[in-house]
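Student: Chains as they are written, first to last, in our numbering: chain S, 1 to 315; chain F, 316 to 538.
Derived by calculation from the structure, the hints in this document are not laboratory data. Treat the numbers as computed from the prediction; the structure is a model and nothing was measured. Some hints here could point you the wrong way.
[As the list claims (entries may be wrong)] Restraint-style ranges between C-beta atoms, simulated for each label pair:
#1 S:Leu171 with F:Trp368: 31 to 39 angstroms
#2 F:Arg393 with S:Gln285: 28 to 36 angstroms
#3 F:Asp394 with S:Ile18: 49 to 57 angstroms
#4 F:Val402 with S:Leu274: 25 to 33 angstroms
#5 F:Lys406 with S:Phe252: 29 to 37 angstroms
#6 F:Thr500 with S:Gln285: 21 to 29 angstroms
[Stated by the list, open to error] With a straight-line Cα cutoff of 16 angstroms, these simulated EDC-like cross-link-like pairs (lysine to aspartate or glutamate) come out:
#7 S:Lys204 with S:Asp232
#8 F:Lys515 with S:Glu291
#9 S:Lys177 with S:Glu50
#10 S:Lys233 with S:Glu85
#11 F:Lys415 with S:Glu287
#12 S:Lys156 with S:Asp72
#13 S:Lys80 with S:Asp146
#14 S:Lys258 with F:Asp353
#15 S:Lys74 with S:Glu50
From the three backbone atoms N, C-alpha and C, an ideal C-beta is built for every residue, glycine too.
Here is what each chain is made of, one letter per residue.
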Amino acid sequence: MSDLQSQDYIRRSATTMIPPDARSWEDQVAKLIDVTRCIGCKACQAACMEWNNLRDPVGEFHGTYDNPLDLDPKTWTVMKFTEYENPDGNLEWLIRKDGCMHCEDPGCLKACPAPGAIVQYANGIVDFISENCIGCGYCVKGCPFDIPRISPVDHKSYKCTLCSDRVAVGLEPACVKACPTGAIMFGSKADMTDWAGERIVELKSRGFENAGLYDPPGVQGTHVMYVLHHADKPGLYADLPENPKISSTVEFWKGLIKPVALVGIAAAAVSGFLHWVIAGPNVVQPEDEQEAEEVLEANGFPEARGRSQRTEHPT
Amino acid sequence: MSRPYGTLTRNSTITRLNHWLTAACFILLMLSGLSMFDPLLYWLSNLFGGGQWTRAVHPWIGCVLLVSYTGLIIQFWRDNLWTRDDVAWMKAIDKVLENKEEGVPEVARFNAGQKFVFWSMTLLVPVLFFTGIVIWEYYFGTYTSIPTQRAALLIHSLAAIAAIIIWIVHVYAAIWVRGSMRAMTQGWVTPGWAWRHHRKWFRSLATTGSTGPRPNSNGRLNK
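The following block holds chain F by itself, in its conformation from the complex (with noise of 0.2 angstroms):
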């Protein structure tokens, strides 16, 4: 792949496939599963080869996405992990909103928005994939009682909702701030981006000599 002299590395080749993975799989069940959901979507079944298919292919995705997510949480907890300037960033999310991150506190490899998508992800994934085992007929169908069930599919399909309103954030979040994008598909970004919205880890990787994307762990200069 060819990029600009003096770029760096955001996000690893493992990293982005995994990431797209998970992104193809949070799409097929958001489809199908929409169109389970309510009947003025249930026309989005046919892109699936109608509702048997939908119904029979939907839990597997499911399983794949839920690999694939835990995939991304190793990669991705440790520079997810809370800390007291996440909660400063929160208090500032209005400068932030305006595109004045000037006076913002400096951002590590993650915003706190970011690490708020990532733990709401990190929670809802397994309950949507457990709530789904319960009401997966074909299989578990006997397994559970009715009421167990019904209670399975009420909170399959809260969670659901809740991930697909923060997944429609999260796509956002990539649209507006420029560059976030190619950061999660060619993997770099120029230092001015490093430095604009996450000058925390811009400076980790330039005193340590990395080029991205976690700093170098022996913190020697890379001359």
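The following block holds chain S by itself, in its conformation from the complex (with noise of 0.2 angstroms):
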């Protein structure tokens, strides 16, 4: 989206300033999504579709009501339907809606090479800035969640704004404003914690003792929370991830190893101009050259016939 909301930044990838943050009383917002109230209507998939004004063509059908299959470019939330045989032999039919999950510790964000390609406002909310970005796919692969998709049209990086645009303005995310069950909340990341405990306490009360929030802690919380029946089997939730965090491959080839490779490069460069300054130059001497000629001569080398006229050696 667009990058007018600049003052609100507390993380800007590729930027070793700290941004200004300049509103910082911005209130961290929370996107809630009930699944236990989730009728699979797909009614957000297509006010997502019809506010970010992206028209994915019709797939194919493959024997499920996934539609599509995955995320992809221009799909930034779709439905992902489960079904779960419980311990009871009833069928649960688990729908999730995927998506970004918006972490307070992206791992997209710390991944990018490009400054300014991924943006974290004060709200909360985990921003593509897509004029910046280089359809690199690094987000892609910092992503503990799998979300990030490139476009084969314009090689740039595209997810779920959590409708940036429209909170900047004082409107709930499209999704938000189109779910028919209240299965979609959004507020106040405190709200809707507070409300996703009471909803929890019912469920409990109803049966569903491992009833919970989804807020993973690896990622330090994230903007996008889940109300699960099964909050302690997250994997059931078309693999939800139990304990995201971001890769520790990611985190080294992100962290320790870039400060390392340019001390080491640059220790490389300065050895060799303390060598040259110590040392010198490796000069060929008249000496050297004499011998090479006797060397020459006595093996009939023709070439070497004539050589002692010349008075310079180029070295």
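Assemble the dimeric complex from its two separately framed chains, guided by the hints.
Tutor: Structural data, given as structure tokens:
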């Protein structure tokens, strides 16, 4: 989206200067997706397409309710349907709205090499500033949830913006507005956490003893949270990660080795310079030419003939 | 090309062209790669027309480098085989660094340091190529799993850093040992240069009557 809200940046990709965070009084926001109240109508998907003006080509039927099967550059949210047979032998239809989780510690932003292509606002929303995106796909590797998708059309990365453009002017995200059951709610993170707590008490009283809130601490919490009936087994919900965190490979690649590499490269260059100053160049001496010539002459080397007339040796 | 009487050919024209194509690719890859490696160096992407261009062109230059370096391997591998003398030379590296080469084992066409650069790059170039293919988002982004791509990115970065440091050693050695640069630009060295730095190579040329870069295989004098 646009970067009109640059005063709200608290994180900015590939930027060593700390963003000014000029409007730090912003409330932390969150979208709460109550999976236990979702009926799988896909109104959120339709609203997302409409608000963001995305028109994915009509796909193919794969024998499931998932349509399309997965996120793509023009599908920023998708309902994932799982048929789960619980220990009592009853079928549960678990429907999770997949999309960007807006991590408090975003792996995409950490991995991004392009300054300002990924930002995080003071309200917690993680946004891709497409004009700065170079299409390298590092965000795809950085994300613990497999969310960003690179468009083959313009070679830029796309994902849910949490309707940062709507939120900026006091509206709720389009999916929230469209949800007919109130399964998607939006507000301050504190309010959403409180509300989820009430809902979880209710679910527990109705027999879902493992009901709980999905706000994974491995990424310092997320600004999209789920109420799950089986919070002890998030993997049931179309492979929602149990304990998502930024991969240690990515942490190492984007952390320690950057300064170590630059120091190493600089040290190599400085060592060369110091050697030049201390030992100096290795220059061929007239004696070398003299001895070489004797060897050549001893071997009857025709090229050597006439060399002794030359006064200066190129070195 | 005019060259003084009595000089020896150190590198043939084909070798030199091959070398400089590889060098150009390496430098472009280093600049574009560093711009995508560390945000402090992102400005280097301006040299390539911006971030999108840098991202797009880097893998293609890598493909050219792989082909080009393969050419160097074909031309150089035989003279880079490790020998017992190389161990002795390495043990005397302190004398070499002090520019006191007397008493250091005689060196054939390449010394142990040059062989180290050659074999390091021979290892690193394919590692960089294959890990680079894995992370070439545009064509190969969907062929491997994300954990594989993460590992490839890390290995690619580490291999590139190693290659850059080795490249700095290589460039400095060419500046340090006077006459080496011309050996790769114009292709020739003086007999004294060969005597001083690559005496065994020099003797093999002298006894077979060759003017370089390799001794005459029939071993006869070229009278």
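Student: Mind checking the alpha carbons of Lys515 (chain F) and Glu291 (chain S) for me, to see if they're no more than 16 angstroms apart?
Tutor: 14 angstroms, holds
Student: If you draw a straight line from the CA of Lys233 (chain S) to the CA of Glu85 (chain S), is it 16 angstroms or shorter?
Tutor: 13 angstroms, holds
Student: So does Arg393 (chain F) sit 28 to 36 angstroms from Gln285 (chain S), Cβ to Cβ?
Tutor: 30 angstroms, holds
Student: Within a Cα-Cα threshold of 16 angstroms, do Lys415 (chain F) and Glu287 (chain S) meet the stated pairing?
Tutor: Satisfied, since the Cα-Cα distance of roughly 14 angstroms is no more than 16 angstroms.
Student: Between Leu171 (chain S) and Trp368 (chain F), does the C-beta distance stay in 31 to 39 angstroms?
Tutor: 37 angstroms, holds
Student: If I claimed the Cβ atoms of Val402 (chain F) and Leu274 (chain S) lie 25 to 33 angstroms apart, would that claim hold in this structure?
Tutor: Holds: the Cβ-Cβ distance is about 27 angstroms, inside 25 to 33 angstroms.
Student: Is the Cα-Cα distance between Lys80 (chain S) and Asp146 (chain S) 16 angstroms or less?
Tutor: Holds, at roughly 14 angstroms.
Student: Between Thr500 (chain F) and Gln285 (chain S), is the Cβ distance one that fits in 21 to 29 angstroms?
Tutor: With a Cβ separation near 22 angstroms, Thr500 (chain F) and Gln285 (chain S) satisfy 21 to 29 angstroms, so the hint holds.
Student: Sort out whether Asp232 (chain S) lies within 16 angstroms of Lys204 (chain S), counting only the CA atoms.
Tutor: 13 angstroms, holds
Student: Is Lys177 (chain S) close enough to Glu50 (chain S), meaning Cα to Cα at most 16 angstroms?
Tutor: 12 angstroms, holds
Student: Using the Cβ atoms, figure out if Asp394 (chain F) sits within 49 to 57 angstroms of Ile18 (chain S).
Tutor: 54 angstroms, holds
Student: Tell me if the beta carbons of Lys406 (chain F) and Phe252 (chain S) are separated by a distance inside 29 to 37 angstroms.
Tutor: Since the Cβ atoms of Lys406 (chain F) and Phe252 (chain S) sit about 36 angstroms apart, the hinted range of 29 to 37 angstroms holds.
In this structure, every one of the numbered hints holds.
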